[in-house]
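K.L.:
Letter by letter, the chains look like this.
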Amino acid sequence: MSEFLKNCWYMAAWSDEIGDAPFGTRMLDQPVVLYRGSKGQVIALGGMCPHRFAPLAKGKITGDMIACPYHGLGFDASGTCVHSPFGIEVPPAGKVPAYPAIERDDIVWVWMGDPDKADAAAIPDFSYHVDPGLRVVRGRSFVPCHFELVSDNLMDLTHARFLHPIFGGDDWRPEVSFSQDGDTVFSHYVLPPYPPSPFSDAIMSPANGRMVVEREFMRWNAPATMYLDIQFSWSDAPGENEIPQPSTHILTPETEQATHYFWASGIPADAAMTDEEHLEGLRFAFDEEDAPMLESVSAMMNGRDFWDMQPAILPFDQGGVRARRILRQKIRAEQDA
Amino acid sequence: MSEFLKNCWYMAAWSDEIGDAPFGTRMLDQPVVLYRGSKGQVIALGGMCPHRFAPLAKGKITGDMIACPYHGLGFDASGTCVHSPFGIEVPPAGKVPAYPAIERDDIVWVWMGDPDKADAAAIPDFSYHVDPGLRVVRGRSFVPCHFELVSDNLMDLTHARFLHPIFGGDDWRPEVSFSQDGDTVFSHYVLPPYPPSPFSDAIMSPANGRMVVEREFMRWNAPATMYLDIQFSWSDAPGENEIPQPSTHILTPETEQATHYFWASGIPADAAMTDEEHLEGLRFAFDEEDAPMLESVSAMMNGRDFWDMQPAILPFDQGGVRARRILRQKIRAEQDA
Amino acid sequence: MSEFLKNCWYMAAWSDEIGDAPFGTRMLDQPVVLYRGSKGQVIALGGMCPHRFAPLAKGKITGDMIACPYHGLGFDASGTCVHSPFGIEVPPAGKVPAYPAIERDDIVWVWMGDPDKADAAAIPDFSYHVDPGLRVVRGRSFVPCHFELVSDNLMDLTHARFLHPIFGGDDWRPEVSFSQDGDTVFSHYVLPPYPPSPFSDAIMSPANGRMVVEREFMRWNAPATMYLDIQFSWSDAPGENEIPQPSTHILTPETEQATHYFWASGIPADAAMTDEEHLEGLRFAFDEEDAPMLESVSAMMNGRDFWDMQPAILPFDQGGVRARRILRQKIRAEQDA
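Chains as they are written, first to last, in this note's numbering: chain S, 1 to 337; chain P, 1 to 337; chain Y, 1 to 337.
Among these hints, one or two may not hold up.
Short derived list, chain Y residues pointing at chain P, Cβ under 10 Å [what the hints assert, rightly or not]: (1) D152; (2) N153; (3) D170; (4) P174; (5) S296; (6) A312; (7) D317.
Label pairs and their in silico Cβ distance ranges [claimed, not checked]: (8) Q180(Y) with P144(S): 41 to 51 Å; (9) E256(S) with P132(Y): 49 to 59 Å; (10) P144(S) with P315(P): 53 to 63 Å; (11) H83(S) with P144(P): 29 to 39 Å; (12) P144(Y) with D201(P): 50 to 60 Å.
Calculated Cβ distances over 12 Å to all of chain S for the following chain P residues [stated by the list, open to error]: (13) G40; (14) D152; (15) F162; (16) P174; (17) E254; (18) N302; (19) M309; (20) P315.
I should point out that these hints are in silico values taken from the structure, not numbers from a laboratory.
Every residue gets a Cβ at the ideal spot worked out from N, C-alpha and C, and that includes glycine.
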């Protein structure tokens, strides 16, 4: 039984992934096709032709219309069939869903629920993506597990000490706390001064014997949209001249057991680290360290429900558990409505 | 719930696929082994040894007998166990099904239902396969979808305009009609004159500015045995000196979700196109154009029933829909009997 | 519905497979991690962290403790959580199962049932593994089928005539009988003199025109622990100066449909055959002859129950069938207790 929250914004793609050709994806276990209309606007439609179920993502775009690659039926931005190649009449049932889509902060957001409830104001802020004072790299990973396992991972960053040595390894020992503001959940981390890590070294001035001071918070919004704010400073002037490293962690379920993980990270434009090094550092952490661990966890669960497995709950799980509860409540409220 | 029509002829193989070694296949989700007996006749048996379920297709042939590769039990053409290697007694249950098999027109037909009802006269005509005035090429493709999706594809050839550019592309715009004669369904196509296609160019005399005139019909018989009769002529003498291109499209379900697609095509013996070109043109159309589309459609359906998905029905679907209905009626009649 | 016998010894690994790093495996469809403690002893624990289900086999060993690779929880040899990296309190539920483990005859035996019932005296004898008069080779194979199909294979060695030509092929025609001693089942084979096989040639003195005399028995204990005692002699002095070739065939279910097959074989220390030839001969028989056959059989069964398929039972199946019955009785008794 699929249990996704429908009435919320899901990230479907990075803006520059939607170009001249149709872009096919799967979200909430539904096929979706994205393309740009005649004015460059992003159009998001159900990705399956209602006639013989062909994938529209293999079709052709003409203006605002996309034509099915199999028998040529054409659909406009409202999902209505507006073209049949042999002049035949198309039954009114020949429609595909049209999803509200918004481009903001280089992200394409799509609303899979009731279109009348789509509220652009509800999109969380990622305006740092277009901050000229930062150099931002970004990517997408595929994680073969339920997206809430990835939320758990991100809402408890203590795992970095064991899984991501680039960020400091055994020296990286945060004090952790949690807070909540309405339906927004925060995990807070305060790091006692620690020796520079490979990562801090690449974006801060030379340490000259100083220790790194770090504070950060992760912000979560339903369904699984996370923003991580990190501020570095030096132990001789903690909290002063902070160097920011904001990052983005947005999860979109492909299916119940597979997740699109969109990530980005910004560093000061004048940092020593090149974009290539920055990108590869993140890619390695997500694709070579997190994803294999999460895939192993998913294999261990073998399709069983998370709560049915009675996990041992630790204090640091508060962020992930709150996120799970809020999401569950929203899904129930939506289904009861 | 498997729902195959049992009492009908299924194509199991091309004649020349059955040689010295046992030939294993799967039809109607049952293992089948085919081999030639002492007189060269084709023998078709259930492909699983009743003792320890080994695949007889890995066994050894001696005269009319095939011996299991695991413990050596031997079965004759009636499926009876006639040999045990250590002289032990075999229980009467030690039998495999024997299926009536007929070789005709280079096709091996097998009857999976009640042997008493097997009627050789019910086999549709493919005698053009052995017409000395034609050069015939043939092959088999594997399509990972329900066979009725392939029937749909073949009973509505308008898809060729979008999927198979070699046959004319956007210039190929047939007028379509349908007819029925008892349980035989026909799709008819009349093409207004169109510019020569790569395919027509290769089998007709030089165009010299003339347009191609084409008429064709597809003949369907249950379960999914199709014959396509194409006749080409020139726009300066439409219907005269027609050049035939008969073709064969026979589908045998491997399982509910996988199909053996046997195909053949004949052109005049004196056509310019070589057999290699002819074969590659067809192979490309089936393996590189049709099969990927059908696999995508099957993935979109994700195991759901065709009618439950409420497909939009267009006028051109009449052939496929009639075929589906006739087959459904036959299956119900067989199950009620 | 998983139906494994719990209260018995399963082979988890060869002794030398458990070294410095954690060794992860799956037994009875449960994850297990094996490692050596501070005194070199083998420790066997449930392989899944109770916190977020990470695989402990990717963790780190310190003394008797293994630490989870994801968030650092540490477990001792009793499966109790004895370390949390940030000083947080771990709930009592934060435990993993600890399995009794015994190393004997180069085998690591693990008891997955009630620890109080673990009785070292119940471990069958494989002391030939450490007999200095023999050269023993050993390995493990993976067979993608239910382990009882492999027991069937081993309790009826007549299949060797058809599947393993190295042992004599069509000349290898044993007289077979069966016996039982309590819950131990024996298959007995007496071979009428036959021409030397590639295998006998490699371990016996030159034949000089003599025939090989062979007698053997296979011993089975629940769940699927088998020992094969072979004795070769020459037809001019049958039963005298016998050359032994003891071998080991121990099966441990990975899942319902996959089997760890541990095998070993000893020949006289002064035999002509090298260890490399010996090992490759066995590996080929198991991996290239038995395993593909068993995989085919499993595919034929397609998840169906063995008895539901009403196999034809031959006299030679007695060993396998007795083994199946005894195991079934033990499982029922265990579940009823």
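K.L.:
Now tell me, hint by hint, if it's right for this structure.
P.N.:
Each hint tested on the structure:
1. D152: 7 Å, holds
2. N153: 8 Å, holds
3. D170: 9 Å, holds
4. P174: 8 Å, holds
5. S296: This interface hint holds because 5 Å falls under the 10 Å limit.
6. A312: 4 Å, holds
7. D317: 8 Å, holds
8. Q180(Y) with P144(S): 41 to 51 Å: Given range 41 to 51 Å: holds, Cβ gap about 48 Å.
9. E256(S) with P132(Y): 49 to 59 Å: For E256(S) and P132(Y) the Cβ distance comes to about 58 Å; the hint holds.
10. P144(S) with P315(P): 53 to 63 Å: Given range 53 to 63 Å: violated, Cβ gap about 43 Å.
11. H83(S) with P144(P): 29 to 39 Å: 30 Å, holds
12. P144(Y) with D201(P): 50 to 60 Å: Given about 51 Å between the Cβ atoms, the range holds.
13. G40: Given that every Cβ of chain S is farther than 12 Å from that of G40(P), nearest at about 43 Å, it holds.
14. D152: Nearest chain S Cβ is 6 Å from D152(P), so the label is violated.
15. F162: 5 Å, violated
16. P174: 8 Å, violated
17. E254: 21 Å, holds
18. N302: About 9 Å separates N302(P) from the closest Cβ of chain S, which leaves it inside 12 Å; violated.
19. M309: Incorrect as stated: the minimum Cβ-Cβ distance to chain S is 7 Å, not above 12 Å.
20. P315: 5 Å, violated
Comparing the model with each numbered hint stated earlier shows that hints 10, 14, 15, 16, 18, 19 and 20 do not hold.
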